[in-house]
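Asks: This is what each chain is made of:
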Amino acid sequence: MRARAVALVALALLGAAEPLRADELVVIVHPSRAASLGADEIAQIFLRQRRRWPGGEAIVPVNHAADSALRAAFARAVLAQSPQQLSVYWNRQYFHGVLPPATLASDEAVKRFVAGERRAIGYIRARALDASVRALLHIPVSPPALPRD
Amino acid sequence: MSALTPANSAHASTRTAWVGALRALACALLALVALLAGRAAYAQPSASEATEAVAPTDEQAPPAAAGTEATSGEPATDARAEGEPVFVLGPLVYRAARGLAFGDSGLTLGGFSTFEIERPDRGATELALDGLNFIALYEPIDSLRAFAELEIGDLASWHTDGGGVESSPSANFERLYAEYSASNALNFRVGKFLTPVGQWNLAPAEPFVWTATQPAILELGLDEHQTGLAVFGSFYPAKRVVNYWVYGQVVDAFDVESDETPAERSVGARVESSDARGVWTLGASLLASERDGAWSTTGGADAKWRGERLELSSELLLSGGDIPGRDFWGVFVEAAYPLDRLSPKLAKLYLVGRAEHFDPGGARATQLLDFGVTWLPRVWLNFKAGYRAAIRDQGDLRDGLKVSLSVLF
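Protein chains in written order, with our numbering: chain E, 1 to 149; chain Y, 1001 to 1409.
Treat the hints with caution; some may be incorrect.
[Said to hold, decoys possible] The calculated label-pair distances, taken between Cβ atoms and stated as ranges, are:
#1 Glu1257/Y <-> Ala135/E: 26 to 34 Å
#2 Ala135/E <-> Phe1173/Y: 29 to 37 Å
#3 Tyr1180/Y <-> Pro83/E: 30 to 38 Å
#4 Ala1355/Y <-> Ala35/E: 39 to 47 Å
Because the hints were derived from the structure by calculation, they are not lab data. Using N, Cα and C, we set each Cβ at its ideal position, and we do this for glycine too.
Just chain E, with the same shape it has in the complex (with noise of 0.2 Å):
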């Protein structure tokens, strides 16, 4: 009986959990990568700001298609800044040989990236996540809700 309450319980929270889930963006890493980052630090790395993890190591990160809502929310919660400002911004850096991080098609594209490179960073939608990597930080966005891919 007691058991039955607890999953009761557990399947309540976890319906009620689902809708913030469903409109959550989670930060990834590899699950080797020990670093702890804010919203901040994470805004300067897909700006090509800070360039290097603490160790050292190059940052890769990788990006959604320009035309994805899930990057258009990324850059909207994270980067504070509208498609327009961004191209601005990226062709000021092109000038000085600085390249946008390159992009992939798809959460299940960059997971099982940034699943096999320790030097890579990725955002994917918070459903899509699981233990192939390291979820760095859940970022919460504003209505409208992500699409599903």
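Please build the complex by placing chain Y on the supplied structure of chain E, with the hints as guidance.
Replies: Then chain Y, alone, in the frame of chain E:
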């Protein structure tokens, strides 16, 4: 003008051959890029088509992204990156405004070009293909990079007061340096680079600034380049980014343009601080220069603020000392504001303006008001139209209209 000595003659001959070779290389690169861009236009959907497409699925992802190849090394480039035309031919990946990457070699080639029309209120109108700039970036390993910007200048111009088309192409390395990165905080650069004074001079080329004209204090008062050494890096105190540069011109200036008289030696420093997302940036610069035994010192302060829509920036420069023509001071404030909220048809159209006071020392001070529009319809295309009102005309600082069209490739 000095007589042409045998040594000078040999130097001139060598230089002519060098320029000729560079021109041939530039033409070949231009033809290649044009070919790639042309083919890309047929091969890829337009940006609007890409935007309307459904969200990508794993099945749509390129093999290297979704499959096993993505588990090591650099990620493969998504063929739809940045929503702009892309050309992929084996290891060659071309992205508009991001250059042509040669597979995993670390080599990227790109560039930009600008066409200008200048119509002063008094005087002849000039149409000019101002320059063709090629950028080469080579990053063989994480900690090493080499960078070059070669400018083919004065390609062609035509004045309405007659004389036909003038063309006297010249090739100059605007930048040519190598870098070693030891950490975020410690990087070394050797070669020819832009003088780190203020924010404008860090990216002074036409496609990367808001206005069709450039501030007088930077155009007339500052050595644009340094040839020597620089140590630079970033620190991250209290969620901020603090960038610093310490540099010096320790050898004679390299590949000087014919209309420049740069300092022989110099030493300078710059520090700038911004929040993590670059909303606020504040900087200070100091540069001491020596020419013919005389010294001048330039100091400056600058600020930039980027709101949700409005961008404001300002720079102040003061210079004094014994080098002739280096006594001046000036300050400008510049603004850019997007008009897309007024109408969707005005998306990517900006109102831009700059007010400047420039006191060139020894001459009368002038005030300049530059205002106009900048349109960024695509990431690789940049159109500007602006009018300059000068309180007191001084040489090139005169009333008139200027229009420019820049392309990044």
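Asks: Now tell me if each hint is right for this structure.
Replies: Quick rundown of the hints versus the structure:
no.	hint	verdict
1	Glu1257/Y <-> Ala135/E: 26 to 34 Å	violated (53 Å)
2	Ala135/E <-> Phe1173/Y: 29 to 37 Å	violated (47 Å)
3	Tyr1180/Y <-> Pro83/E: 30 to 38 Å	holds (34 Å)
4	Ala1355/Y <-> Ala35/E: 39 to 47 Å	holds (45 Å)
Of the numbered hints listed earlier, those contradicted by the structure are 1, 2.
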